[in-house]
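Using the sequences plus the hints, can you model the full thing?
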Amino acid sequence: MTEKKEIWGTIKFDGPMATKGFALNKMCYTFNNAEGREEFKKDEAAYCDKFGLTPAQKEAVLKRDILALEREGGSIYYLAKFAGVLGLNVQDVGGLQTGRTTEEFKAYLDSQGRGKSNG
Amino acid sequence: MAKIIGGITTSHIPAIGIAMDRGIEDTPYWKDFFSAYPPIREWLAEQQPDIAIVFYNDHGLEMFLDKKPTFAIGCAPQYENADEGWGIATIPPVTGETELSWHIVNELIENDFDPTVCQDIKVDHGLTVPLSLMYPGRKYQHLKVIPVCINCERHPMPKPSRCYALGQAIGRAVESFAGDQKVVVFGTGGLSHQLDGERAGIINADFDNECMDKLVSDPEALTRYSNDDLTEIAGAQGVELNMWLAMRGCMLGKVREVHRNYVAPISNTGAGTQLLLPE
Numbered sequence: 001m002t003e004k005k006e007i008w009g010t011i012k013f014d015g016p017m018a019t020k021g022f023a024l025n026k027m028c029y030t031f032n033n034a035e036g037r038e039e040f041k042k043d044e045a046a047y048c049d050k051f052g053l054t055p056a057q058k059e060a061v062l063k064r065d066i067l068a069l070e071r072e073g074g075s076i077y078y079l080a081k082f083a084g085v086l087g088l089n090v091q092d093v094g095g096l097q098t099g100r101t102t103e104e105f106k107a108y109l110d111s112q113g114r115g116k117s118n119g
Numbered sequence: 120m121a122k123i124i125g126g127i128t129t130s131h132i133p134a135i136g137i138a139m140d141r142g143i144e145d146t147p148y149w150k151d152f153f154s155a156y157p158p159i160r161e162w163l164a165e166q167q168p169d170i171a172i173v174f175y176n177d178h179g180l181e182m183f184l185d186k187k188p189t190f191a192i193g194c195a196p197q198y199e200n201a202d203e204g205w206g207i208a209t210i211p212p213v214t215g216e217t218e219l220s221w222h223i224v225n226e227l228i229e230n231d232f233d234p235t236v237c238q239d240i241k242v243d244h245g246l247t248v249p250l251s252l253m254y255p256g257r258k259y260q261h262l263k264v265i266p267v268c269i270n271c272e273r274h275p276m277p278k279p280s281r282c283y284a285l286g287q288a289i290g291r292a293v294e295s296f297a298g299d300q301k302v303v304v305f306g307t308g309g310l311s312h313q314l315d316g317e318r319a320g321i322i323n324a325d326f327d328n329e330c331m332d333k334l335v336s337d338p339e340a341l342t343r344y345s346n347d348d349l350t351e352i353a354g355a356q357g358v359e360l361n362m363w364l365a366m367r368g369c370m371l372g373k374v375r376e377v378h379r380n381y382v383a384p385i386s387n388t389g390a391g392t393q394l395l396l397p398e
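Quick note, the sequences are listed as chains A and P, same order. Counting along the first sequence from 1, when you hit position 81 you're at 81 in the working numbering, and nothing is skipped either side. Plus 119 on top of the position in the second sequence (first one is 1) and you've got the working numbering.
Treat the hints as calculated values from the structure; they're not laboratory data. It is possible that some hints are incorrect.
Chain A stretches covered by chain P per the calculated footprint, using a threshold of three residues with CB under 8 Å from any CB of chain P [what the hints assert, rightly or not]:
(1) 9-19
(2) 31-42
(3) 45-51
(4) 71-82
Facing chain P, a subset of chain A residues (Cβ under 8 Å, in silico) [what the hints assert, rightly or not]:
(5) Thr98
(6) Ala107
(7) Leu109
(8) Asp110
Glycine included, each C-beta is placed from N, C-alpha and C at the ideal position.
Structure representation (structure tokens):
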């Protein structure tokens with residue numbers, strides 16, 4: 001029996017989460033293709049319905065609530081593709097999840113590396 | 120017999136590929152990172168390996184959650200790259216290999232590893248960014264690539280100890296292959312980073328440096344971590360250390376480090392680079 005370690009601020013993407021998020025992740029997987037991205041942009045709600053997202057997942061998509069999407073079973077690999085559709089990069093997404101601006105998030109990253117030795 | 124002539128570890132962050140396409144390698148943000156690569160490129164140019172075994176993880180280009188192998192190995196003559204959805208340029212096809220790769224598959228299954236065997240897969244930035252880094256200008260077509268894909272996305276993931284053992288089994292398979300091919304092994308991804316959750320952005324530079332030390336001197340110490348341990352210490356995507364462990368496993372005996380670099384942050388990540396040679 002494997003133990004499940006709880007780690008603050010981290011949702012373990014495991015079987016139950018992958019089950020919960022399958023439709024959401026399947027929708028975001030289509031953002032690999034330009035046709036999927038375009039169809040989503042034309043009518044976001046309709047595209048969510050096409051993939052059978054739950055009301056909570058659909059609301060989180062429409063609100064661009066990345067943390068809620070993760071709680072609803074979104075895998076960051078596919079949410080990154082969703083973020084790409086929105087024109088956001090991984091620092092923007094980091095900021096959105098941690099309550100920081102993108103610049104503040106970059107400064108946080110830097111403080112753990114090069115910024116540390118630069119004083 | 121075929122011979123493993125060296126092992127290379129490298130980050131595979133998409134931003135690296137984008138920076139190369141934009142030609143901004145010499146800017147202040149990037150220069151400390153890219154300065155690590157010329158010595159490795161020179162070594163590759165001098166040694167002229169025939170084959171590269173590349174351990175990588177697919178980030179949702181080919182392997183969606185519907186059918187996601189724990190370990191997968193490519194046995195195809197060619198691999199295509201494709202649109203990943205967020206703007207990294209698609210690179211020209213990667214040359215594959217169908218003799219050593221099938222030999223590895225046979226040997227793995229004989230030795231109780233049961234990978235998914237792939238004759239047609241698209242390869243994503245996990246594999247293409249390292250190749251582009253080693254061969255600027257996308258001049259990599261001469262090199263025959265054997266992709267080995269490890270699930271780093273959905274738990275349960277293969278344990279670090281198992282990834283290391285997979286590498287050892289592949290290393291032994293290479294040694295038993297009748298041929299005189301020179302093989303280089305890439306361990307890609309890592310090191311510490313976390314993209315998701317309120318904890319997004321953690322980097323653990325001390326641990327990353329310790330991993331690079333141990334990878335040389337005592338890789339088995341690293342195999343004692345669980346994936347949950349790695350998540351806690353090095354972030355949710357810190358589990359990409361598993362690809363480095365698989366690379367190190369391939370090298371079987373002792374190694375010496377001839378080159379190392381570490382820069383953090385690159386994008387959201389601690390970016391480590393090493394060139395290891397068999398002793």
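- Residues of the region 9-19 of chain A with Cβ under 8 Å from chain P, three needed, outcome: holds (count 8)
- Report holds or violated for the interface hint on Ala107/A, using the least CB-CB distance to chain P and a cut-off of 8 Å. Check failed: Cβ of Ala107/A comes no nearer than 10 Å to chain P, outside 8 Å.
- Item | Interface hint outcome for Leu109/A [beta carbon to chain P under 8 Å] | holds, 4 Å
- Query: Quick one, is the Asp110/A hint okay against chain P at 8 Å, beta carbons?
  - Reply: holds, 6 Å
- Query: Are there at least three residues in the region 45-51 of chain A whose beta carbon sits under 8 Å from a beta carbon of chain P?
  - Reply: Answer violated; 0 residues pass the 8 Å Cβ test.
- Query: Do three or more residues from the region 71-82 of chain A put their C-beta atoms closer than 8 Å to C-beta atoms of chain P?
  - Reply: holds (count 7)
- Query: Within the region 31-42 of chain A, is the number of residues with a Cβ closer than 8 Å to a Cβ of chain P three or more?
  - Reply: holds (count 5)
- Query: Hey, does the Thr98/A contact hint survive, CB to chain P under 8 Å?
  - Reply: Interface hint status for Thr98/A: holds (6 Å vs cutoff 8 Å).
The structure fails to meet hints 3 and 6 from the earlier list, while all remaining hints are met.
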